[in-house]
Amino acid sequence: KAGVTQTPRYLIKTRGQQVTLSCSPISGHRSVSWYQQTPGQGLQFLFEYFSETQRNKGNFPGRFSGRQFSNSRSEMNVSTLELGDSALYLCASSLSGTSGIGTGELFFGEGSRLTVL
Amino acid sequence: GNSVTQMEGPVTLSEEAFLTINCTYTATGYPSLFWYVQYPGEGLQLLLKATKADDKGSNKGFEATYRKETTSFHLEKGSVQVSDSAVYFCALKWGGADGLTFGKGTHLIIQP
Numbered sequence: 001k002a003g004v005t006q007t008p009r010y011l012i013k014t015r016g017q018q019v020t021l022s023c024s025p026i027s028g029h030r031s032v033s034w035y036q037q038t039p040g041q042g043l044q045f046l047f048e049y050f051s052e053t054q055r056n057k058g059n060f061p062g063r064f065s066g067r068q069f070s071n072s073r074s075e076m077n078v079s080t081l082e083l084g085d086s087a088l089y090l091c092a093s094s095l096s097g098t099s100g101i102g103t104g105e106l107f108f109g110e111g112s113r114l115t116v117l
Numbered sequence: 001g002n003s004v005t006q007m008e009g010p011v012t013l014s015e016e017a018f019l020t021i022n023c024t025y026t027a028t029g030y031p032s033l034f035w036y037v038q039y040p041g042e043g044l045q046l047l048l049k050a051t052k053a054d055d056k057g058s059n060k061g062f063e064a065t066y067r068k069e070t071t072s073f074h075l076e077k078g079s080v081q082v083s084d085s086a087v088y089f090c091a092l093k094w095g096g097a098d099g100l101t102f103g104k105g106t107h108l109i110i111q112p
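Chains Y and R, in that order, give the protein sequences.
Residue numbering for the first sequence follows this note's numbering, beginning at 1 and increasing consecutively.
Residue numbering for the second sequence follows this note's numbering, beginning at 1 and increasing consecutively.
Some hints here could point you the wrong way.
As the list claims (entries may be wrong) - Restraint-style ranges between C-beta atoms, simulated for each label pair:
id	chain 1	residue 1	chain 2	residue 2	range
1	Y	T38	R	N22	19 to 25 angstroms
2	R	K56	Y	S70	36 to 42 angstroms
3	R	T71	Y	T5	35 to 41 angstroms
4	Y	T14	R	D54	51 to 57 angstroms
5	R	T71	Y	N59	20 to 26 angstroms
6	Y	E82	R	D55	24 to 30 angstroms
It is worth saying that the hints were derived from the structure and are not from the lab.
Just so we're clear, the structure is a prediction, and the values are computed from it rather than from any experiment.
We put the CB at the ideal spot given by N, CA and C, even for glycine.
Based on the sequences and whatever the hints tell you, model everything.
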């Protein structure tokens, strides 16, 4: 069974640009969550999608957005990039997610490492 | 709000040593608790979990017991191996709250 696939794995952008990251969940998983990982703040929750609907959103500015498609693949977008957006962005899929009845058992991809210059 | 506190390390041990990684949490109500592990170059993977007080999660020789009275979920292993070298994250999920809340991670290094 293929795992969670994230693309691209590495990318470099400059301040003010925008970036789109992609995530393909495990087959059959309907929930996709995104997390930002930095040395200073650790892992922070960005948002969670289930069946194309955003169920929860973390405490990030509106520059961070996402969406989920009918095949459960998800994308996240960061506009007007800032130096502080440099991080490892992790996608995680699960059957039911972490909201409500979700069990919290997430399957993570290897991440997309974004460097903002 | 919810929070998880764990030692950040690095924690360096010799092979076959006893391991304890402390994790304490702050949450409203009764969260579910998790340990995730991140091996070098890989994504996080669930190691074990406990969903109610006094539950013990176990996997691959690791154990953790949900202690409501001390709000703790310490990770233990009786005899560590070099292959256990990784970053370990303690996390909680509470009801319909936003995602999982993670600790900052503990970098574990096992020397032969």
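Right, here's what the structure says about each hint:
At roughly 23 angstroms, the beta-carbon separation of T38(Y) and N22(R) lies within the given 19 to 25 angstroms, and the hint holds. Restraint check, K56(R) to S70(Y): a C-beta distance of roughly 41 angstroms satisfies the suggested window 36 to 42 angstroms. Here the CB-CB span from T71(R) to T5(Y) is close to 37 angstroms, well matched to the stated 35 to 41 angstroms. For the pair T14(Y) and D54(R), the supplied restraint of 51 to 57 angstroms holds, since their beta-carbon distance comes to about 53 angstroms.
As the Cβ distance of T71(R) to N59(Y) is approximately 23 angstroms, the hint placing it in 20 to 26 angstroms holds. Range check, E82(Y) to D55(R): Cβ separation about 42 angstroms, and the 24 to 30 angstroms hint is violated.
When held up to the earlier numbered hints, the structure conflicts with hint 6 and nothing else.
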